[in-house]
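In order, the protein sequences belong to chains Y and S.
For the first sequence, counting from 1, position 376 maps to 376 in this note's numbering; every step adds exactly one.
For the second sequence, counting from 1, position 359 maps to 359 in this note's numbering; every step adds exactly one.
To be clear, the hints were calculated from the coordinates, so they are not data collected in a lab.
For clarity, every value in this text was computed on a predicted model and none was experimentally measured.
Virtual Cβ for every residue (Gly too), placed ideally from N, Cα, C.
Be a bit skeptical, because a hint or two may be false.
Listed below are several chain Y residues computed to face chain S (Cβ distance under 8 angstroms; list not exhaustive) [what the hints assert, rightly or not]:
# : residue
1 : Gly15
2 : Pro166
3 : His286
4 : Ala292
5 : Lys299
Here's the letter readout for the chains.
There are 2 protein chains.
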Amino acid sequence: MLAEIITIGDEILIGQVIDTNSAWMAEQLNLAGIQVHQITSISDNREHILTTLEEASERADIILITGGLGPTKDDVTKQTLCEYFEAELVFSQEAFNTINRIFSSRRFPMTELNRLQAMVPEGCTVLNNYNGTAPGMWFEKNGKIFVSMPGVPFEMKAMVIDQVLPRITGQSGLVILHRTILTDGVGESFLAAKIEPWEDNLPSFIKLAYLPQPGIVRLRLSATGTDRSVLEEAIRKAETELMPLAGEYIWGYDDDTFEEVIGHLLRENKHTLSTAESCTGGLIAHMITGIAGSSDYFKGSVIAYSNEIKESMLGVRHETLLNHGAVSELTVIEMAEGTRIRLGTDYAVSVSGIAGPAGGTPEKPVGTTWIAVASPQGTVAKKFLFGDHRGRNIQRAAISALSMLRKELVSEKG
Amino acid sequence: MLAEIITIGDEILIGQVIDTNSAWMAEQLNLAGIQVHQITSISDNREHILTTLEEASERADIILITGGLGPTKDDVTKQTLCEYFEAELVFSQEAFNTINRIFSSRRFPMTELNRLQAMVPEGCTVLNNYNGTAPGMWFEKNGKIFVSMPGVPFEMKAMVIDQVLPRITGQSGLVILHRTILTDGVGESFLAAKIEPWEDNLPSFIKLAYLPQPGIVRLRLSATGTDRSVLEEAIRKAETELMPLAGEYIWGYDDDTFEEVIGHLLRENKHTLSTAESCTGGLIAHMITGIAGSSDYFKGSVIAYSNEIKESMLGVRHETLLNHGAVSELTVIEMAEGTRIRLGTDYAVSVSGIAGPAGGTPEKPVGTTWIAVASPQGTVAKKFLFGDHRGRNIQRAAISALSMLRKELVSEKG
Chain Y
1 MLAEIITIGD EILIGQVIDT NSAWMAEQLN LAGIQVHQIT SISDNREHIL
51 TTLEEASERA DIILITGGLG PTKDDVTKQT LCEYFEAELV FSQEAFNTIN
101 RIFSSRRFPM TELNRLQAMV PEGCTVLNNY NGTAPGMWFE KNGKIFVSMP
151 GVPFEMKAMV IDQVLPRITG QSGLVILHRT ILTDGVGESF LAAKIEPWED
201 NLPSFIKLAY LPQPGIVRLR LSATGTDRSV LEEAIRKAET ELMPLAGEYI
251 WGYDDDTFEE VIGHLLRENK HTLSTAESCT GGLIAHMITG IAGSSDYFKG
301 SVIAYSNEIK ESMLGVRHET LLNHGAVSEL TVIEMAEGTR IRLGTDYAVS
351 VSGIAGPAGG TPEKPVGTTW IAVASPQGTV AKKFLFGDHR GRNIQRAAIS
401 ALSMLRKELV SEKG
Chain S
1 MLAEIITIGD EILIGQVIDT NSAWMAEQLN LAGIQVHQIT SISDNREHIL
51 TTLEEASERA DIILITGGLG PTKDDVTKQT LCEYFEAELV FSQEAFNTIN
101 RIFSSRRFPM TELNRLQAMV PEGCTVLNNY NGTAPGMWFE KNGKIFVSMP
151 GVPFEMKAMV IDQVLPRITG QSGLVILHRT ILTDGVGESF LAAKIEPWED
201 NLPSFIKLAY LPQPGIVRLR LSATGTDRSV LEEAIRKAET ELMPLAGEYI
251 WGYDDDTFEE VIGHLLRENK HTLSTAESCT GGLIAHMITG IAGSSDYFKG
301 SVIAYSNEIK ESMLGVRHET LLNHGAVSEL TVIEMAEGTR IRLGTDYAVS
351 VSGIAGPAGG TPEKPVGTTW IAVASPQGTV AKKFLFGDHR GRNIQRAAIS
401 ALSMLRKELV SEKG
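Using the sequences and the accompanying hints, generate a full structural model.
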């Protein structure tokens, strides 16, 4: 079974709104074993909606449509669906009751415009909207399924989970499984060359995709078939066979983030963390504290942007800064060790670098960054050379610091 | 002139990646006076790419394509473009030089796969990618323009701004000018009511759009015509007439950010800044240090996530935390004043709040946040009640802190 998604709304085509609905629906459909063939975003325009519906129904079996169901004049989806399915608008008592309940619970008066929202094309199945005033509509025509839903994300999501997916599954036997393997410390092409024999050996029903991000390469395996356990076993086998070739680069799976993985490792061993940041300016702490419950293991940071604060708040020695400079191995070691002692944590990460655009020298060009991790086992430091874009240098320094910290946490465990 | 956008990538159709490129390109095209007719997302599949190109070129004059240009086997866009334009792959010395420069600057070895990226369809114009290894490609066929670009957002964005848009707008005589006025401390509907007479009085060739963001409302004026100086004068006049109605809310223009405006104000008066952050976990410092040259006025921060660190590093009194709690007026005042003294800066901002999801109480629900600004004139503090979403609470707390700081910097100046 193939599906297509159509999102309707002028606001998408002028770029005022990012279409997040499509990605969400695509993910839900895929998890249900239904492949999404195309996503199409079009304006609130009758002719365009009609041709897009026609074209989508020639390619796919299921067409999910969102948007254009509001009570105002610029929303034309419902009228156009009447035309497409050659149906009259009729009053739906069921839709009316649901709308009425919404208004009573919010103690808002119901307007004539809202009453009109209970009118639906004759012959469609009403999908109740318990979170808003536009009902969803389920149509079947020539063996194809069309579902029209409101564009408000939480209204649409509840409708998909509670009503649309249960109706659709049962009609398809296909299963698609995905597994994403997260690597770091290796470039995409280097990794590709290294795992080529493994890639060539994958069964034909498993597809591999490379998804690079700054500092990270994600490998996504997608297995398609009818027997879930066969697919699961094949993915497990592929994962196992990848380990000897790329195991050293793998740090997580699927939606894992460094912040989460680090949080788990710290929590598991009841260890605490602090950071001492210069060029990253608080980004590492911000990433770590984005995780709910991080206060259990994260104690705090000193952002030492100036040399005086590196000395006064972190105890970096004046001679170190004088003789080696703020961006040096010795400085980040003293920063990490100073923070670890002063903030009283088991682990401490420090970063000092030249984010740019100014401040570079021939020996230390923009992008030069030192990172250290202090732990009960001692302190390690490493030099990185990033690019010449300030924002990306800061991002890559933070990701690299988290990557180094993770390695230390794991090596201690092992 | 009509445009269409095609984004290519399996990761979009399985919902692993939200297609943010389309909204960004749509906005840029609209600002340049080019209407976007349709956005289509398809998989890395030869046949599907060919039919989608054909269909788009029947409807639109300009087709912007992103994705599928990576060096690995799953990326088929370039091969398919060869087929569509009936061209052979040829070596581009220009593309090779740009790729080579990227690798030299990063001191990475160039692989055979990367060398292949310098091969482009014969007859296309190479668009240099200064931020990555996949060159962009500009094609013209039967009076239609096709532009293929990498899917990595910052690579694509630089290419659109520096190369694609200038080439496109050179072909039309129309001038479109935009001016965005930035306000804060006022809701969208309240502001709209207040400036209604001004809005009604705008000349018909100036369009007004409200663009709300958390804590900020942006007003965008778009003037369309053929005479640049007439448009510039009309926008200047509209801006001047807006001041008596909304001047108190206006804090910047166009791409200004709080971080930049604050940087200018501090630099102008040779003042310095530090932050003391609890729930924002370093985000404020991260935002401030995102500005190049911020080390001139920003000295550092203490991220005091635990109470011990609020005491030991910032000098918050034990009794204050005991009697008032970490999220209280007195705590943020002592945090700001302690930071100001210990880090030796003229200004200091502090934040303490309950970001959630846990930690709320009936008196202090999740979202409760105190912010203080300490300055040579004294210390002010204010309470905010945000929502129940951790990530958004952190964002809104940081924006509100910067907004409060800006007001203090301005009032001192005045």
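Here's how the hints hold up against the structure:
1. Gly15: Since chain S brings a Cβ to about 3 angstroms from Gly15(Y), closer than 8 angstroms, the hint holds.
2. Pro166: violated (19 angstroms)
3. His286: Cβ of His286(Y) sits 4 angstroms from chain S, so the hint holds.
4. Ala292: holds (5 angstroms)
5. Lys299: holds (5 angstroms)
Checked against the numbered hints given earlier, the structure breaks only hint 2 and satisfies all the rest.
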